[in-house]
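Visitor: Residues per chain, in single letters:
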Amino acid sequence: MSVDSALFHSALLALTPILLAALGGAICERAGVFNIGLEGMMLVGCFSGVAGSWFTGSAWLGVAFAALASAAYSMILAVGTIRLRGDAVVLGVALNLLAVGLTGFLLRTVFGVQGTFSDPELAGLGGIDIPFVGPVLSGHSALVYLSWAAVAVAAVFLARHPWGLRLRGVGEAPDAAATLGVSPAKYQYAAVLTSGVLCGLAGAQLALGNVTLFSENMTAGRGWIAVVAVMLGRALPLGVLLAGLLFGIAEAVGFRLQGLGMPQQATDAAPYVVTLVALFLSTARRRRRKSPPSPASPPSPVGEPA
Amino acid sequence: MAVETQSPGTLGALGARVLRAPALHSVVAAVLVGALFLIGTGADPIGAYGSVVSGALGPDGIGSTLTTGTSIIGLAVALAIPMRAGLLNLGGDGQLVLGGIAAAATGLYSPLPAPLTVVAALLAGMAAGGAYAALAAVCQNRFGVPLLVSSLLLGYPAMSFASYLARFPLKEEGSSLPQTRRLPDGVELPAFGASTVTVGLVLVAVAAAVYLFADARTAAGYEVRMTGLNPRFAAYAGVDRPKLTLRLMALSGAVAGLVGAIGVLSFPYRFIDGSLTAAGHTWTGLTAALLAAAAPIGTALAALFFAALEVGGLAMERTTEVPRELTQVLQAVVIVFLAARLNLTWRRARKKPADTHDAKEVSVR
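Heads up: the sequence lines are chains D and G, in that order.
Just so you know, the numbering used here puts 383 at position 14 of the first sequence, and the rest follows in order with no gaps.
Just so you know, the numbering used here puts 745 at position 256 of the second sequence, and the rest follows in order with no gaps.
Read the hints as simulated data drawn from the structure, not as lab findings.
Honestly, I wouldn't trust all of these hints.
Just a sample of chain G residues kept apart from chain D, beta carbon distances all over 10 Å, derived [unchecked claim]:
no. : residue
1   : Leu525
2   : Gly633
3   : Ile824
Distance condition first, Cα-Cα at most 20 Å in a straight line; then the derived SDA-like pairs of lysine to any residue [as the list claims (entries may be wrong)]:
no. : chain 1 : residue 1 : chain 2 : residue 2
4   : D       : Lys555    : D       : Leu527
5   : G       : Lys660    : D       : His530
6   : G       : Lys660    : D       : Pro632
7   : D       : Lys555    : D       : Ala542
8   : D       : Lys555    : D       : Leu437
9   : D       : Lys555    : D       : His530
10  : G       : Lys660    : D       : Leu527
11  : G       : Lys660    : D       : Ala635
12  : G       : Lys660    : D       : Gly630
13  : G       : Lys660    : D       : Gln634
For the chain G half of the interface with chain D, some residues (derived, Cβ under 8 Å), not all of them [claimed, not checked]:
no. : residue
14  : Leu642
15  : Tyr645
16  : Leu735
17  : Leu775
18  : Leu779
All residues carry an ideal CB built from backbone N, CA and C; glycine is no exception.
Can you make the complete structure from the sequences, with help from the hints?
Guide: The following block contains the structure:
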């Protein structure tokens, strides 16, 4: 297998939806809302992006529609966890299920097809050629570049901006934040809505950038990978970028190996295995660092959650 | 449907409790939301719901409901077992498929006489599913990867592996479909009369009954429930959480593997790539377990309810042209309402009572 620019090009393509969704998940995590519904929000973004593009004839209106619809969808999680104090994990699982049913239902009622909707008339996001940067970084859709910019903005925002600091404060010590006059709920709503917008963009990139179609359950576990990327990257924008890149490269390499005769089943599984191994390594390292240097340290008390 | 299933009291008190049950309110609310959807698409809600009920419970549909119910009840029980202790097993699909492929391989190559082969295939399915789920528990206990994530991520390679086996080493010669050969004559679960309902339903019912008994009457079941209600208290009381996690996951995977084996040992008597997971029964089962907060009887009833909804949805699609995906929407809406009402005591209890602002989930990291 040769390592060439096309490989990295496709790795970046695989990275973008995961990165956008994971960035949203990281912001939620920082605000203290565990968001496991990224997959569902992304799928809603895919469908509404395609629907918006189809009915307006403009891919960009499709993107805007995807961001809006996904943000509206994320309000279920926001109201459920922040206002009604529901369980975030249960709600997230329900959001993922609901998205599959809802988009399948709408696909049948709006487009009258089952499985996949694609049409040559459907406007997709074109690539933007950037001069002088070479084939790896050039020729992607604008959302790809936007996702990198979003990482930078999120990193600076969380580390430097007063609102970012307050958001982190809300996530770490809501009561303390409340006594300082910072409304935890307001920041948490904003975080969940932001994640909705980002997941909408992720879905739009998937359905209008990577391909130009909608098919049932087309996110195929990418939202879950984004959840893992949030954990792997410790909810830091740059960490999330690296985790997503790992997955993107694994997917691109797998796809390439498939072209060289490796069974598709082996390469399909590769990104998940790579992610799992990366999780092992990162937690093992964190544990080693945390444990006292003496090997004779007493074992942790029985039953303490690991 | 709350955790305290004991002390039913008088029949009237029971009725009053059912009427107050959040699960019932959620179902009613979901039915109303579904009606809005139906009106939105120009369908007649009463007619559509009528066709769901008659399609699922009528003479033509009941067999189908019980066949689908076999899988959904089985998976719901499988996923309820760890959930009772506050652990979410999201890798049911992988465990199901591994159970199926192990049963298929055993059924095809076992030298034993047919009836014993059936037993061996069921056991192989349970062993494969159980061992694989235990692996997810090991990932949490030894490597600190949250169970939620380890079980989910391990599911994908398992499905790929089974798919590989069905497409290459075990593939039926000359067939264009990704499927194994048909199991030898007699290597199948007997069906009831001319129906598609097999002894598998009995096996699943036995699994549910054992779960009910263990949950209500044994020390181990008490330990599990206590852990689910208050993990810190359970830790003080001496519950070895890693060990408990391992055991519960192995049991959960074994039941999921059993469902896979039942699927292979029933019509069409072979492993077809993707057919066990295509219907999404694992997620339906998870939904049912969530709906009932993993209580044994409630889980089985919720699973049966969802099976009826699914089969009825097909009938509704035939008669009214409303897409059957509507029933999937209904299922999810039930859970959204239920989760938002915060009546899941098994999870609420683990949150510190004082933290009114923190919506953070503790168990996953």
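Visitor: Hint by hint, say whether it matches the structure.
Guide: Hint-by-hint comparison with the structure:
| no. | hint | verdict |
| --- | --- | --- |
| 1 | Leu525 | 13 Å, holds |
| 2 | Gly633 | 4 Å, violated |
| 3 | Ile824 | 4 Å, violated |
| 4 | D:Lys555 to D:Leu527 | 16 Å, holds |
| 5 | G:Lys660 to D:His530 | 59 Å, violated |
| 6 | G:Lys660 to D:Pro632 | 14 Å, holds |
| 7 | D:Lys555 to D:Ala542 | 15 Å, holds |
| 8 | D:Lys555 to D:Leu437 | 19 Å, holds |
| 9 | D:Lys555 to D:His530 | 16 Å, holds |
| 10 | G:Lys660 to D:Leu527 | 53 Å, violated |
| 11 | G:Lys660 to D:Ala635 | 17 Å, holds |
| 12 | G:Lys660 to D:Gly630 | 18 Å, holds |
| 13 | G:Lys660 to D:Gln634 | 14 Å, holds |
| 14 | Leu642 | 5 Å, holds |
| 15 | Tyr645 | 4 Å, holds |
| 16 | Leu735 | 12 Å, violated |
| 17 | Leu775 | 7 Å, holds |
| 18 | Leu779 | 6 Å, holds |
Of the numbered hints listed earlier, those contradicted by the structure are 2, 3, 5, 10 and 16.
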